[in-house]
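Chains A and B, in that order, give the protein sequences.
Position 25 (the first sequence) corresponds to 224 in our numbering; numbering is contiguous.
Position 107 (the second sequence) corresponds to 216 in our numbering; numbering is contiguous.
Simulated from the structure, these hints should not be mistaken for laboratory data.
Mixed in with the good hints, there may be bad ones.
[To be verified] Derived PhoX-like pairs: lysine-lysine, alpha-carbon spacing no greater than 25 Å straight-line:
#  : chain 1 : residue 1 : chain 2 : residue 2
1  : A       : Lys475    : A       : Lys426
2  : A       : Lys289    : A       : Lys244
3  : B       : Lys140    : B       : Lys247
4  : A       : Lys426    : B       : Lys327
5  : B       : Lys247    : A       : Lys244
6  : B       : Lys247    : B       : Lys289
7  : A       : Lys244    : A       : Lys426
8  : A       : Lys426    : B       : Lys247
9  : B       : Lys132    : B       : Lys177
10 : A       : Lys426    : B       : Lys140
11 : A       : Lys475    : B       : Lys177
Just so it is clear, the structure is predicted and the values come from calculations on it, not from any experiment.
The lines below spell out each chain.
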Amino acid sequence: MTSFTYPSISLMELLGYQFFQNAILGGIMAGFACAWIGLFLVLRKEAMIVDGVAHTAFGGVALGLLMGVDPLITALGISTVSVFGMSYMKRKGLAESDSAIALILAIGFSTGLIIISVAGGFSVDLFSYLFGSILTISRSDLLMILILGIVIVAFLMLLHRELLAITFDERSARMMGVPVNAISAMFNLIVAITITLSIKIIGIILVVALIVIPALTALQLRVSFSKTVASTIIIGLVSVVAGIIISSFYNVAASGIIVFTMVLIYLATAALVRVKSR
Amino acid sequence: MNKDVVIEVRNLSVSRSGSLVIKDANFDVMKGDYFGIVGPNGGGKTTLLLSILGQIPRMSGSIRLFSKDIEDFDEWEKVAFVPQDAINFDANFPLSVRELVSLGRLGRNPIGRRLKKRDWEEVDAALEFMGLSEVADKRIGELSGGQKQRMFVAMALVRDPEVIILDEPVAGIDAITQEKFYQKMSDLNQRRGITIMMVSHDLSAVFCRMSKVICVNKEVNVAEIRPDVDIEGVLRKAYGEHFHFVFHRHECKGEFKA
Chain A
200 MTSFTYPSIS LMELLGYQFF QNAILGGIMA GFACAWIGLF LVLRKEAMIV DGVAHTAFGG
260 VALGLLMGVD PLITALGIST VSVFGMSYMK RKGLAESDSA IALILAIGFS TGLIIISVAG
320 GFSVDLFSYL FGSILTISRS DLLMILILGI VIVAFLMLLH RELLAITFDE RSARMMGVPV
380 NAISAMFNLI VAITITLSIK IIGIILVVAL IVIPALTALQ LRVSFSKTVA STIIIGLVSV
440 VAGIIISSFY NVAASGIIVF TMVLIYLATA ALVRVKSR
Chain B
110 MNKDVVIEVR NLSVSRSGSL VIKDANFDVM KGDYFGIVGP NGGGKTTLLL SILGQIPRMS
170 GSIRLFSKDI EDFDEWEKVA FVPQDAINFD ANFPLSVREL VSLGRLGRNP IGRRLKKRDW
230 EEVDAALEFM GLSEVADKRI GELSGGQKQR MFVAMALVRD PEVIILDEPV AGIDAITQEK
290 FYQKMSDLNQ RRGITIMMVS HDLSAVFCRM SKVICVNKEV NVAEIRPDVD IEGVLRKAYG
350 EHFHFVFHRH ECKGEFKA
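Given only the sequences and the hints, what does the whole structure look like? Please build it.
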């Protein structure tokens with residue numbers, strides 16, 4: 200039977216370690232970007248795109264490992280192609296949104312499996328992309344996460360009102376002169392970047408949770424948009440930072456703890472909202 | 110061309126799904142008009158509006174907005190549209206009334222520009238004019254049907270438009286609220302000089318308050334609402350000869366244009 204060991208190190212001591220600093224910085228950036236983007240995806244009823252693109256990115260990671268290039272770069276390329284592919288299929292009426300996601304996911308993931316088997320099987324590295332390994336991210340990983348994160352946050356800060364108008368009513372936004380097609384294309388690209396950024400933090404399997412659960416939790420509060428954005432980001436950040444600290448103390452998988460924390464906050468919020476509304 | 114012509118429609122024909130919906134329409138909307146659009150369901154009222162707004166292609170004819178062919182028209186901030194289904198939004202969408210109305214400023218500002226103090230002053234002024242100041246911080250899903258309609262008009266107003274086009278804005282709203290809404294639109298038209306085009310099934314309201322009427326049932330007939338114009342004859346062309354229209358002109362309380 201496995202038992203938890205009590206931490207023999209303090210938080211201040213942990214903060215002195217570079218692996219922990221990398222994890223906290225990368226986690227904060229990923230939590231911030233994912234939560235904000237996630238709110239728009241949930242409101243656009245496109246949350247499952249994240250799961251589809253993340254699984255497709257598996258093909259990109261496998262390709263990167265096979266070719267000996269940074270798997271995050273190949274994952275970004277494949278994610279971008281897949282998110283535009285889903286969008287194209289939906290727009291042209293080739294498939295319903297969920298069917299398009301299923302098809303592209305199947306293509307990406309099966310290609311990844313073939314590449315892995317051709318390359319001689321699974322490696323520890325591959326598992327770190329599947330399940331995340333925030334406590335082992337390197338300085339170069341961190342640099343890439345920070346650059347991608349800044350791109351995402353800059354896009355949202357600049358265009359979040361236009362994006363909100365499109366999300367609320369695309370036809371009205373178009374009639375008000377908002378360049379709907381251009382902003383939607385940029386949004387697709389940003390979604391691909393966000394997913395790629397999160398793969399090292401939380402892993403391909405659970406990335407959908409990092410993006411979707413903070414928004415679902417904040418939406419229960421039934422407050423204005425600006426307060427919903429703030430709540431979503433706070434929930435994302437608290438979950439990620441708490442998850443990293445707890446997993447560092449108790450040596451438990453960080454991605455699991457992060458998502459578990461998010462689910463606990465979601466359930467606690469649901470209970471509080473119900474009690475308050477009685 | 111007369112620069113007071115806001116919308117000029119000539120020989121307009123529009124078909125949807127292969128059948129002719131608007132046939133050879135000709136009319137002008139002048140600056141300051143309060144234009145009612147009436148006609149039976151399925152007669153082509155919404156199609157007419159959407160083609161004027163460039164949202165659906167036309168089969169033949171021409172549309173000019175503010176003296177420019179619609180293909181060359183690029184001053185959409187002058188035109189505000191409140192669609193028929195505007196109030197059927199997701200009631201759980203996390204927006205306050207003030208936030209939604211502020212989105213109306215998008216067309217007036219360059220892409221990506223943050224709202225300034227003046228923008229918020231415009232938003233608050235529009236909310237006050239439409240009688241929504243007290244619910245400004247409420248979520249949009251918490252409003253009544255009438256308040257939702259006024260919210261979308263406020264959103265249109267912050268664009269500072271020269272013409273507002275409304276498609277059945279009072280459908281499904283009780284009679285008293287409808288009356289208040291028509292009063293607000295009259296105020297906008299008379300006090301601010303905003304040209305208004307409004308689809309309505311409420312013939313009494315149209316003939317009491319508005320200056321011109323378009324009857325649409327594939328064919329489009331236009332009439333000024335004046336005592337010497339045979340309004341009932343125009344209506345019969347749209348609704349059919351067997352219909353009889355009884356107008357209680359005394360109910361217009363002095364606001365009847367005829």
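Inset, instruction - Would you list, in rising numerical order, the hints stated earlier that this structure does not obey? - result: Checked against the structure, the hints that fail are numbers 3, 4, 10 and 11, while the rest are satisfied.
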